[in-house]
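K.L.:
Here are the chains, one letter per residue:
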Amino acid sequence: MIEGYNFAYLDEQTKRMIRRALLKAVAIPGYQVPFASREMPLPYGWGTGGIQVTAAIVGRSDVLKVIDQGADDTTNAVSIRRLFANTTDVATTERTQDATIIQTRHRIPETPLREGQIMVFQVPIPEPLRWLEPREAETRRMHAHADYSVMHVKLYEDVARYGHIATGYDYPVVVDGRYLMKPSPIPKFDNPKLDRSPALMLFGAGREKRIYAVPPYTAVRSLDFEDHPFRIEKWDESCALCGATDSFLDEIVVDDRNKRMFVCSDSDYCQTRRAHGHGPATDSQEAAE
Amino acid sequence: MYVAVKGGAKAIEASHALLDQARRGDPATPELALAQIASQLTLSVDRVMAEGSLYDRELAALAVKQARGDLVEAIFLLRAYRTTLPRLAESLPVDTDAMRPIRRISAAYKDLPGGQMLGPTFDYTHRLLDFALAAEGKRKTVEPVAAEPQADCPRALDILDREGLIEKVAESDASPPDLTRDPLQFPAERALRLQNLARGDEGFLLALGYSTQRGYSSTHPFAGEIRIGDVDVEIVPEELGFAVCIGEIRVTECEMINQFQGSRDLPAQFTRGYGLVFGEGERKAMAMALVDRSLRAGELGEERTSPAQDEEFVLSHADNVEASGFVQHLKLPHYVDFQSELNLIRRIRADQTREAAE
Numbered sequence: 001m002i003e004g005y006n007f008a009y010l011d012e013q014t015k016r017m018i019r020r021a022l023l024k025a026v027a028i029p030g031y032q033v034p035f036a037s038r039e040m041p042l043p044y045g046w047g048t049g050g051i052q053v054t055a056a057i058v059g060r061s062d063v064l065k066v067i068d069q070g071a072d073d074t075t076n077a078v079s080i081r082r083l084f085a086n087t088t089d090v091a092t093t094e095r096t097q098d099a100t101i102i103q104t105r106h107r108i109p110e111t112p113l114r115e116g117q118i119m120v121f122q123v124p125i126p127e128p129l130r131w132l133e134p135r136e137a138e139t140r141r142m143h144a145h146a147d148y149s150v151m152h153v154k155l156y157e158d159v160a161r162y163g164h165i166a167t168g169y170d171y172p173v174v175v176d177g178r179y180l181m182k183p184s185p186i187p188k189f190d191n192p193k194l195d196r197s198p199a200l201m202l203f204g205a206g207r208e209k210r211i212y213a214v215p216p217y218t219a220v221r222s223l224d225f226e227d228h229p230f231r232i233e234k235w236d237e238s239c240a241l242c243g244a245t246d247s248f249l250d251e252i253v254v255d256d257r258n259k260r261m262f263v264c265s266d267s268d269y270c271q272t273r274r275a276h277g278h279g280p281a282t283d284s285q286e287a288a289e
Numbered sequence: 001m002y003v004a005v006k007g008g009a010k011a012i013e014a015s016h017a018l019l020d021q022a023r024r025g026d027p028a029t030p031e032l033a034l035a036q037i038a039s040q041l042t043l044s045v046d047r048v049m050a051e052g053s054l055y056d057r058e059l060a061a062l063a064v065k066q067a068r069g070d071l072v073e074a075i076f077l078l079r080a081y082r083t084t085l086p087r088l089a090e091s092l093p094v095d096t097d098a099m100r101p102i103r104r105i106s107a108a109y110k111d112l113p114g115g116q117m118l119g120p121t122f123d124y125t126h127r128l129l130d131f132a133l134a135a136e137g138k139r140k141t142v143e144p145v146a147a148e149p150q151a152d153c154p155r156a157l158d159i160l161d162r163e164g165l166i167e168k169v170a171e172s173d174a175s176p177p178d179l180t181r182d183p184l185q186f187p188a189e190r191a192l193r194l195q196n197l198a199r200g201d202e203g204f205l206l207a208l209g210y211s212t213q214r215g216y217s218s219t220h221p222f223a224g225e226i227r228i229g230d231v232d233v234e235i236v237p238e239e240l241g242f243a244v245c246i247g248e249i250r251v252t253e254c255e256m257i258n259q260f261q262g263s264r265d266l267p268a269q270f271t272r273g274y275g276l277v278f279g280e281g282e283r284k285a286m287a288m289a290l291v292d293r294s295l296r297a298g299e300l301g302e303e304r305t306s307p308a309q310d311e312e313f314v315l316s317h318a319d320n321v322e323a324s325g326f327v328q329h330l331k332l333p334h335y336v337d338f339q340s341e342l343n344l345i346r347r348i349r350a351d352q353t354r355e356a357a358e
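In order, the protein sequence lines correspond to chains Y and L.
By my numbering, the letter at position 67 of the first sequence is numbered 67, and the numbering carries on one by one without gaps.
By my numbering, the letter at position 112 of the second sequence is numbered 112, and the numbering carries on one by one without gaps.
Hints are computed from structural coordinates only; laboratory data are not their basis.
Possibly wrong hints are sitting among the right ones.
Claimed, not checked - Pair ranges (Cβ atoms, derived):
#1 Y/E3 <-> L/T125: 26 to 36 Å
#2 Y/P112 <-> L/Y216: 51 to 61 Å
#3 Y/R19 <-> L/L128: 13 to 23 Å
#4 L/T353 <-> Y/N258: 15 to 25 Å
#5 Y/D255 <-> L/P187: 48 to 58 Å
#6 Y/A27 <-> L/D173: 29 to 39 Å
#7 Y/E3 <-> L/L34: 12 to 22 Å
#8 L/A89 <-> Y/P112: 43 to 53 Å
#9 Y/D255 <-> L/L128: 52 to 62 Å
#10 Y/D256 <-> L/T353: 19 to 29 Å
To be verified - Over the 12 Å line for every Cβ pair with chain L, so calculated as not near, a few chain Y residues:
#11 M1
#12 Y9
#13 G59
#14 A91
#15 Q97
#16 R114
#17 W131
#18 D170
#19 L223
#20 W235
#21 H278
Since this is a predicted model, take the numbers as computed values, not measurements.
All C-beta atoms in this analysis are idealised placements derived from N, C-alpha and C, irrespective of residue type, glycine included.
Go ahead and model the full structure; you've got the sequences and the hints to work with.
P.N.:
Written as structure tokens, this is what we have:
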């Protein structure tokens, strides 16, 4: 552990302040609780909200997993995992089912979460109405009145203009039938995983100084219209490494002639499938499909 | 291919080694000592202390060295260190009336009690590169003539105050809000706004202050008084019950005199804009005073029409640690989000093609 710093970097008073905000957030699902966010040794916008939440809840017996874009080995995930390894000495893992705390940027793991697990999301902009109304005083009033008409109008305008709701990630949801919430920039593919999840979902926005939460088994509904129901992304391809057809696929350009391959964004999911003998779909299978 | 895109740990280590090498520069040249930075790059150190919100010359010098002279990065380093420090006590308000000035000027009066004292300023230098400085240690220096220490140096604005020509300062014994302990919330009172501006980015405030001089909500400012000097910092330890001085800090204070039309109920009088920063930071203190005055638009019944009057716009974007982090986070991978957008745009285009064909 690094000398001269407290367990998990933050001092105990700060952790207590964050835990109070977390308790309030859990008590009012989807409500953004202002908290006295601190400067962290990583830059704002690089996960300081998630890092502060993790620092406030992590204990010596926890097992921590950190992912970015679904993968454990992306540079910023490595950097955050290293920060906690250096300041807490807690065990870290890449296996979703072994983790008690999973800090994430932009994904929810494909492996279903279980009771007792905590997801910590890094949130850049917590306010779902921000692009429609830049002023905080105004958006807080709109939340207080549950006045979300501007969002419905925006989605309607998308449908009128493009024939679709033109939001691929950070797709707005309503939590427990009350608060409009940004799920952080996860692809809408992951939105259904939030609904009635057995795991606790905590969201930390460091620069914007907000914390919010979705408690276990809470209803989370993605906004849609009766004649334009919410739908998640689909791929014609399967994972080029493990053959998965049910996971979020990253598109990788492999040469300068537009040739590309698709692979699971969730590196643990892909790795586990390969360990169980799954491989790429063979040509004969593809031909059969 | 797949591994090359991800796989971070080794790359990070190698990058840190390169950074260390780049920071050190040519090993044939002597390494910078902190004392050299603290005593010869004083204004860099001052800016890092001011926007880093931590008055410690040595740590600020270390931050400048570690950041390869990138002051915003150095400010970030100091802030991240500051956040780990315990809050031992709250000081009494510093008394800038009792400042021991090294510089004191007023642009509103030709002369005034206490006099005009230029001090070490770039103001009347010709900005000609001094090649003699390039030849180390071969420079003749003129011994400065020490100014008479000013025993009594009343504020320029007090002269107006005695005539009732400038608004009274609203006095309050309430503890000021603390930006570092409570999140910024709107509307923000003036004490909180000043706190935000004091640690705000100098460049941002400079541009905003400048905008008010170019018609974006003019405030007709006069530099009533600018003073730079040392002030005592006092605390009242609980077990003693009286104030003790724990040290002195150098600060720059700027009081602007701004025009105000008055109303039927209120006789015409000048209004105030205020700036105070750690160290010698005259440009920042002046810009801060301009922006402070602009942000008082609501309180003074002025219509808010310009960015510098918009407190959410100004206060939410003044912090360069926040701004630098969020702008640069665009370097982080966004391939999942981008994939979602690709998916969506392809679907929309496919639909459009199909519809066109039908």
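K.L.:
State for each hint whether it applies.
P.N.:
Hint by hint, here is what the structure shows:
1. Y/E3 <-> L/T125: 26 to 36 Å: violated, 46 Å
2. Y/P112 <-> L/Y216: 51 to 61 Å: holds, 55 Å
3. Y/R19 <-> L/L128: 13 to 23 Å: violated, 59 Å
4. L/T353 <-> Y/N258: 15 to 25 Å: Given range 15 to 25 Å: holds, Cβ gap about 18 Å.
5. Y/D255 <-> L/P187: 48 to 58 Å: holds, 56 Å
6. Y/A27 <-> L/D173: 29 to 39 Å: Since Y/A27 and L/D173 have Cβ atoms about 36 Å apart, the given range 29 to 39 Å holds.
7. Y/E3 <-> L/L34: 12 to 22 Å: holds, 20 Å
8. L/A89 <-> Y/P112: 43 to 53 Å: Holds: the Cβ-Cβ distance is about 51 Å, inside 43 to 53 Å.
9. Y/D255 <-> L/L128: 52 to 62 Å: holds, 56 Å
10. Y/D256 <-> L/T353: 19 to 29 Å: Roughly 26 Å apart at Cβ, these two residues keep to the hinted range, so it holds.
11. M1: Holds: least Cβ distance 14 Å, greater than 12 Å.
12. Y9: violated, 7 Å
13. G59: holds, 20 Å
14. A91: Y/A91 is indeed farther than 12 Å from all Cβ atoms of chain L, at 17 Å.
15. Q97: With a cut-off of 12 Å, Y/Q97 remains clear of chain L, as the shortest Cβ separation is near 21 Å.
16. R114: holds, 23 Å
17. W131: holds, 15 Å
18. D170: Given that some Cβ of chain L is not farther than 12 Å from that of Y/D170, nearest at about 8 Å, it is violated.
19. L223: holds, 16 Å
20. W235: It is violated; Y/W235 is separated from chain L by about 8 Å at its closest Cβ, not greater than 12 Å.
21. H278: holds, 16 Å
Of the numbered hints given earlier, the model fails hints 1, 3, 12, 18, 20; all others are met.
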